[in-house]
Every structure is written in structure tokens, then in C-alpha cells.
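Chains A, B and C supply the protein sequences, listed in that same order. Position 4, counted from 1, in the first sequence is what the numbering used here calls 4; the numbers after and before it change by one each time, with no gaps. If you want the numbering used here, it's the 1-based position in the second sequence plus 297. If you want the numbering used here, it's the 1-based position in the third sequence plus 679.
Don't read these hints as lab results, they were simulated from the structure. Because the structure is a prediction, the values reported are computed rather than measured. Any given hint might turn out to be false.
Okay, derived cross-link-like pairs now, DSS-like style, lysine-lysine, Cα gap no bigger than 30 Å in a straight line [stated by the list, open to error]: (1) C:K682 with B:K599; (2) C:K1124 with C:K867; (3) A:K104 with B:K480.
Now for the letters of each chain:
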Amino acid sequence: MTNNNRSTTGKNHFTDDTNWQITNAELMESGHMACPGCGASLSMRHVLKVLGPETIVVMPACCWAIIAGGQPTTALSVPLLHTPFAVAAAAASGVRQALTAQKKEHIQILTWAGDGGTFDIGLQGISGAAERHEDMIYICYDNEAYMNTGIQQSSATPHGAWTTTTPGGKDFKYGKKDILAIIKAHNPGYLASATIAYPDDFYAKIEKAKAARGFRFIHLLAACPSGWKIDSQNALEVTRLAVESGVFPLLEMNDEGAIEKTYKPENPISVKEYLATQGRFKKITAEETEIWQNEIS
Amino acid sequence: MEKPAILLGSEAVAHGVKLCRPQVISAYPITPQTHIIETLSEMVDSGELESQYIKVESEMSAIAAVLGSVSAGSRSFTASSSQGLAMMHEILHWFAGARLPLVLVNANRALGAPWNIWSDQSDSFSQRDTGWLQVYCETSQEALDTIIMAYKASEQLMLPIMVMIDGFILSHTMERLMIPTPKMVDDFLPPYKAPYQLDPENPLTFGAGAHPDLFYELKKAYSETMTEALTLIDQCQAEFAQKFNRHYDLVMRCQEGNNDSDTAVICCGAMTGTARVAIERLNENGTPVDLFKLRLLRPFPKNALVAALKNKKRIIVLNRACSYGVGGTLSQEIRTALYDLPDHPIVNDVMISLGGKEVFPETIIKVVNDREQLSATEPNWL
Amino acid sequence: MIKLKHIEAIRNGDFTGLPISSTSTAVNMTGSWKFFRPTLKPKKSPCFEACPLHILIAEYMQEFAAGNHLAALEIIRRNNPMPAVTGRVCPHFCQSACNRTDFDEAVLIGDIERALGDLGLTQPYSVENQVCHEKAAIIGSGPAGLAAAVFLARAGVKVTIFEQSEAPGGLLRYGIPAYRLPRQILEKEIKNIVESYSIDLRCNHKIESASLDNLRKEYDAVIAAPGLTQSSIPETWPETPTVKGALELLAAISRDEPIPGEDFVIIGGGNAALDTARSLKRLGKTVHLIYRRTIDEMPAYPDEIIEAQSEGLLLREETVIEEIIDNGRGLSLNLHRSRKNGNRIEAGDFIETITTDFLIAATGQESSSDFQNCAPELLRAGDFAHGAASVAEALASGRKAAATALRKFGRLPEDSTTDQETQNLPPITFAALHLNYYSKKPALKIPQLDEKTRSDNFSEIHLGLSLEQLEVEAERCFHCGSCTTCGICWFFCPDVAIAINRESDNAESQILFDYDHCKGCGQCAEVCPRGVIEMEEDL
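Okay, chain A solo, but in the shape it has when bound (with noise of 0.2 Å):
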């Protein structure tokens, strides 16, 4: 997919209608630990392509601290610090200092972290870090579920959705937290919401992100196969659809500070489409599903 291939033909419109080129260096190992079709190992791997070798990764207690590998192992070929559950975004915040303190500002910090760490542990010092306007691009891998502790419901996970916390479906009083307002509301650098199923949009993001400055913070939706009982094979369509049925939009913060749509799906399919195509929406009812598209509408 680099500039030098021979066969640009059939190029798809990731290729064909923008102009950054894939680098065939991987800064992500294989062999790692992530399920089949882990979507949070195919995005960071696509992260670090953008970001490059100058990069650190900061991470707390999530799939991914597992995904790495174990001693004497790495997953990644960039520095990788692993920190508990709460602390990433401050950990990062000190690496960030020390570097500075360095002269090497140059190097990007990842702060990469779940759900669970973003949401729910982890925003305090998120939001510390937001508002210290830290120089990091922080990213959330939203896979909706505290899903390397078996799947229990964190504040990401969708109302209505099967955990092992929530047998009957997620209250439906309770929606996903709306993690980018939040975000917002610390004036980022740079915030947007991306899904790896939209190669386009998902570098372009990544690209901006790493050419800003400031706390920049990504929300990825990255399927987990086995808590959303979907087969592995489907992981990246049912991460499509959820952006076709606009269950989860791609939105950036624009330069007047405004949330905006960065894609807006030709057909969109309805919601009950999407739900159809997982099992942990299997006990949602046709009302919750109508005002979960009410929602959305």
C-alpha cells in the first residue's frame, strides 16, 4: 500500500482518495496475546504506523497490558510503560515532563488505554491531565466492557447490552457516557472519535492528532469479538455498522470547538440492523430498540 505499488489498481477510496501512504514498518509485533480479531490490536497497530518509532506508550491495567506480552516479551517496538488501572494519563503526563525537562519534545507520548481506564477509574486523572493541558495524544479503545476481567459492564457499555454484570441487559437508564463532552469541556488540542473500519478517516485523525499539540484525545471503537458474541470474522463489519446505523458516530472537534460528523453514511441502517448482528443485544426489546433510534435521530 505504499506509493510504489504496482498494483494501485482497485485502489480503495482509503488509498485512492487521500493522499498519505501506509508505511510497510510494523511497530507492533505479531505473536502478541489479543483474541482472533481483536480490534484493539489492529488499531494500535495502525496508530503506530502513523506516529512512528519517536514514540512512548503509556498503558494502564486494560486488554492491552495482557495484548503486549509477558516478561521477558513486548508486543511493541516503541517504549511501553505499563502503569496501574487509574494512573496512565498521569504516568504520561510525567513522561511527558522528563522529556521536556530533556529537550526531547520531539517524542510523542501515547496514552493508551480501555473503557474501563477512560471512563471509569482513569478520568480523574484524565481530566488532570486535560486540564494541565498535557502534551500527549491520549487514546481510548472503547470495546464497551471491562472485557480482559471477563466482560463486566463499564460506564462505556451501551444500555441494553449483555455483560456478565448486567445478565439482563444494561439498565436502559443508563446510556454510554458521553466520554468526548466531557473531553471537550477541558478545551483539547485535538479530540475526535474514530473506528479502524474507516481507514480514511481513522489516519487522517491519527495524522492530525500527532501534527497538534496540547492533550489530544481519540475515542476508537474497537470490537471484541467474545463480549460482543460475534464471530471474529465479523469484528471489523459489526464496527462498521455501528458507525452506518450512527450507534457510534465519527465526530471531530472543529476549530471553532464545535463536535462535528467527519462522515455521514449514504444508507444508513437502522439500529435494530446493527443490534441484529451481535449477541449481547439479544434481550433488547423492540421499544428500547425504537428509542434507541429515537436517540440517535
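Fit chains B and C to the given chain A structure using the hints.
What follows is chains B and C alone, placed relative to chain A:
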């Protein structure tokens, strides 16, 4: 030439820190530690200290921020107290396990409930098992000096060190002390050169999961380094004495003259100052009593303690932290250390103060005078 | 001084008690987790399947889009020796089958073939130096005869073509008007073939059935491809000079002979009918085309019908001629409304009587040769063998006859189609493609002469586009069923277990699955736009 100054304990700590040139400081306010970070903030603001000063939103983030900065290879500093130190607990474990060097100053204060801002040692004694080295200081001068030595030891051991001052008793009290010159400290403490750090040129992963056998081996190595730390700190203190002409030991006898008493009082921290007065009066009044202060709680200087106390018949331990249901925490430590002696001395476990309850020389004199009435097995509350 | 082992090791940088990692996880054979493994399973594309010549269209589209025009031309020439001709006059079964039709519009395969064919007019055919063992004679230099000649010559056979007309090409020259197939294009393409392959082309050399035996003695093989060169005139029609066959008229026009008469009625609905009608109109004649069924049922190529209508051709559908009266100066024709009687068409209600100078039959073709009853072992090709069909089918027939001849010689003809395994499977359907990462993009518009400009001359209607312009069109090709190393599988592999080696000459080894680390998630198979990757049980 060192310069004399009259400073609050907190300010003395800040001056000690400044002389060590930390590149990153993380700070979150808590009484009675706050003056330390305030003073450092002023130093950074005025330019006399070149350091990145991170005003975090909690103690958990304060310790996490320096976890990050030290991982990235920068000498760092943070301070806390009481509830704040308790909030750091998870990261204290992590920090030690990560084998990273740091000096953290803790202004000892009680833990609630009920609310209490006054001094005792419950906060740091609760962190005994986190793997940190712990040093307790009697004076502000000792605190200042200890910080300089602690950085040196910490960076050679790749282990974090907690330096204790008593809240209010030291932190908020003026003391005349000597401030070393920057050159003296620079000669003693070279800049931190991390043996491993977060560096894209040499990408390493820190803290990845370890399987049981490897985990065990790492912890065994940790324990062995802790043992070596006793020797290293000895060496460090000796070198410091040579260069700064102030002498510190792991366990320090606080009495002049021959040791012909069979009773010893032992305590740690600023209360040693009060105890000195009490013991002096007791000795003047014909009650020979020896006084020791324990500077190092972790690693525990067992051999030094045994050497100091081996001929005593009675050890009175003045506790300012309690492991409820057992007794004074320091007493347990002392008892354990003396267990191997063929003739065990009596260990009187005295709960002398908690939550800032005032200890006067008379309080200690009374305890010593009434020593025959003290229980040798149960904790003695006043 | 007590030796402090750990502290010394830390100082020396060889302390082992640190929780740090630097070994790649690639040491973990996570491929052992999988139950299914991805494999490359190339499939036939519908265009390949539909093409009588089985040209590897998906393959040459890839080369073409990448700017490798000559490589693309070579792929076409492997199966089709006359792309400049077929690019113009083939109905492009491939385009009708194109999966892109279900997405937006078919890829303009024909226009790309035409442009490549034109490029080939100045590119000699590559000829391997082969020892000539055998000699073959081919009767007829139409598409079937020329194709047979090419495929025999490629196998080292010395070929002689006997052409009864004064110039080669058969129906291509004498049947297809120049506005569809310019003469100089045809001539250049034939000349290129004849010269490249050193074919002994003998024009004005008619072979009668009587001389066949001699020919068969002289040559190791004889292939008869004389074509169907004359129109069949219905028996009920009067034998008069004002009744003519369409093919004869087209041949006369192509020879620039003067065409007497002003008013023509043409009966028929095939390409010959339309070609004749449009040619006559260009000569300033008044033309009525009469067809007994509806326009939609006309067997002529749809594009030809549309073009003819736009040129103002007078076309009467569902009309039959019930009576033809020769009035000396011309003909009177009684026209009736068609009436269906089962599959048959009968004359219904009388409409009117019209008069005309000439009545032209374009209702069928027949052979002018007398080989029909010759020895059954005579190799036959083209329309003569199979009845009137498209140029592509004639070329395919010639190639097949050449292959039969080669087998007779005890040689294996080269088979340039895909491997046997895929031959038996149906071509890949639209539903089997994964096109989420494609955006809709309409086909290019091919410029053509407007009706006014082309009304009185034989200039080629379709103007074509440059090779560079057409590369964009080729990029629209989905390459159904064949891997282009586009890299989508590589992009979406969460396990970094797919490598692409575009330098490899072997298509099979361009996509490398790292089975040591592939966990068998199957996403590569789900994203492959061309449906090439399949998951199979990992045993």
C-alpha cells in the same frame, strides 16, 4: 562553605531537594506537607530551581507522574502525608516493583477517621511492605542531609526511598541549620544517569506481566538488593560524614558516655529530641537509661540493632503507630529483631502517642520510672 | 569492603532483576490457536467466463492501470491475436457480465482493449524461435483463419493462408463498415500478424473442393475457414436485379463500387441489416428497415440499434412483406402487421403498399464454398463451422481448430487460461465480493462523432480515449477472483501475519500468510474485495 539558616522543617526539605536538582516535581497539597511543595513552587517560579513542576489533581497522580518521569530517566521528587500517602499505596507498590529510584518526603500525620491533621507515624508504617526504603529524621538538618544521601542511595540501588519528617513537629518548626553549597552536593551526588529508561533509541517495555516463577525470582532479587542497601547506606553515610562533617547511622545511640545501663529506650523521628531531654534528666537523677533512635525502618537494620541492644535487659519502645490487635508497630519490629538473641530482653511496647497527642519529657520519664509496672507482653497504653 | 553484587550489576548494566522486556512477542507461536487458516483461492471472473476467448481480463486490467501497457497487451494477445479489431467490433460479452454493473456501471473493457489493440499495431508480436516441423494450410483469412494461423505459427508450424478475395480479412473487411472498423486499422493488424509470424498469405487464391485433396497431401493439416460470405435470399422472393443480399451490397460498398438506386428497403434485424442500412444512408440513399418482430427482439447489438436510430434510420417493427411486385422500374411491397402464431410470425392486417428501388435481404448468411460435403475429418473453423457468430467467437473457433491440429501433430497446445481447478467452478458472483472500501465511480464517457458529422461519411464513430485516460477506467476493475496484492488483507490483519511480496513473479507467493502467528480470525477473507481469500480448516 555551608551557610547557616533558620528555616521551617518544610523549607529545609525544599532546600535539600533543590540541591539535588530534580528535573521533575509532582505536587498535590496536603497538610502538613504543603509548605514543601509551596516552597519548591516558589523556587521554580523564581528560576533558582530548574524543574518541571506538575500540579496534579491527586496524590495517586502525584506518585504516578513521577513514576512516569523517573521511567523516562529524570530525577524526580514528590511529597505527601497521611491520607495522601495512603492514596498512593497502590502506586508505591508498583514503583518499587518497577525498580525505579525516587525520594519521597512524607510529613508524618495520623489517618482518619476521625479527621486529625496532627503527627503520628501510622501513615508511613502502613507502607512498610511496599518495598520502599524508609528513613525517619529527628531534625530538619537530618531531613535535609538525608534527602541528599537518599538520592545517592536510591539511584545506586534502583529502589525508591521515603524520607519521614514529623508533621508540625518538624515541618512547622523553625530550626537553625546548615545549608550545603550546591558544589558540595554536586560533588557528592552526580546527575542521575538511568541504567534503563523509556527511550525510542532503545525501546524497552516496563512492567509487563511476569509468570509466577519469574515473578518470584524478581522479588527474591528485590529482597537481596534490600539487604545490600544496608551496607550501601552505611557507605553513603560515611562518605557524607567525610564531606559534610555530619554523621548518621542506621541505629544511633543518643547518649554520651559509657553504656552501663541495662534499660534502653528506643524510638524514631522527632520525638527522639524530647526523649533526649527525658533520658538526660533520668540519668542525672540516678536512673541509668540508654536512648537509641532508629533511622532506617526498611530495610530493617537488624544487625546494627542487635549490636546496640544485645546487653540490655529491658527495651522500652515508644510507638507512634499501632497495628491494632497486636500493638505498637515499631515494637513488633524490635521484638522480631531481638528474637535470635540467646537471652531475650524484655520489650515494653508503649503506645506513647497517636494523632498528635503531646509527649513531654515528663511523659517519657514517667514511663521509664514505672517500667516495672509495664506489661512485657501486651501493649501499654498510657 | 563488602562486595555489593546487585549494585555493581546495576552500575555495569547487567542486572537481571529488572521488570523490563525487549524480546519480540514473535517468539510466541500464536498460530497454534487457530482452527481455520486463510488460503488464496483465485477464482474465475465473470468477464473471463463470458469472453469466448477467455482473455485474462482481470489480470491485464491490473497491468494496464499500473501503466504497464505492453504487459497488458501481451496478456490479451496470448488469447486474442486481433485486439484492435475486437476492441471495436466485439459485442463485449465481458462487459455484460461485469460485476461492476451491480455496483455502478460496467468497466469499459472494450475501449481499453481497443486502445491496447491500437498500441499493438506498431508492436510486432513476440515470436519464439521454434523449429518448424509441420506445414498447415488455412482456407480463408477472416478472423477464424487468422486466429488459426497465429496459434499454429506460435507453435512453430509453417502456415499458408489461401484467400479467395483480393485482400485478407473476410467479413472484417467486406462485411463490417469502416465507421465501425476503419480499414487502415484492420490492414495494420493483419499486416502485423502476417509479418510477425511469417505467414504465407496468398490472396486471389480460391480453393475448390476438388483441389482439397492435393492440399491435404501437401500440408500436414488443412483448416477450412471460408466463412459465410453470401446472404441467403428467401425463396419466395423474385429473382430480379433489384433484389440483393446485404453481404454482397456491403462488400460492394467496402470496395467503393458505385451503388445505383436511391431508395432501399432492407429486411432483417441483425447486424448485417443495420450495417447495410447505415452504410447506405451514408451514401445518401433513402433506407427503410423492416423487421418482423419488435425492436427489442432484434438480434443486432444494442449499441448498433441505438446508434442507427440516432442517425435517423427509418425502422418499421412488427412488419412483414406479404407480396413483392416487380414493376419494371422498381418494386412494390405490400406491408402487413406481424401476427404471432406460437413462435411463428405470420402476416396480419394489411398496412400499406410502398415502392422501392432495391429490396435487400439481411435475413441470413450462407457459405459460398462447396466444402460442406467434404471429408468429415477436414478441420473447420469460424462461421463456416458453427454458423454466424461474433468475431470473438470466430477467433476462438480458429484457435480451437489450431489446437486440434497441434494435438494431431502430437503436441500439447499451450493453454493460457487459468488452472484446471478453477475451470470447473462457476465465476465469482457480485455477492461474493467485499466492496465496502470502494466508492461509486461511473464509467468514463467515450467521445464519438455526433450524428451530423458522421451522417455522410465512413469515419469511425467512436473516437476512443488515450491510454493514460483509460488507466483511470481500468482502476475501476474489481479484478474479481484474482489477487492484485492490493494489501487490504495485510492492512486489516490484527496479527501482522500477512506479508506482501510484490516483487515475486509467482502470483501464488505474493501474499504470504504467516501461519505461525495467524490466529485464524478470518477478517482477511471478509475484507478481500475480490473474494480470493478463503478460510479452510486448519488440520
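Now the hints, each set against the structure:
The suggested pairing of K682 (chain C) with K599 (chain B) holds, with an alpha-carbon distance near 19 Å, which does not exceed 30 Å. The straight-line distance between the Cα atoms of K1124 (chain C) and K867 (chain C) is roughly 27 Å, inside the 30 Å bound, and the hint therefore holds. With a C-alpha separation of about 27 Å, the suggested pairing of K104 (chain A) with K480 (chain B) holds against the 30 Å cut-off.
This entry satisfies every hint, going by the numbered hints stated previously.
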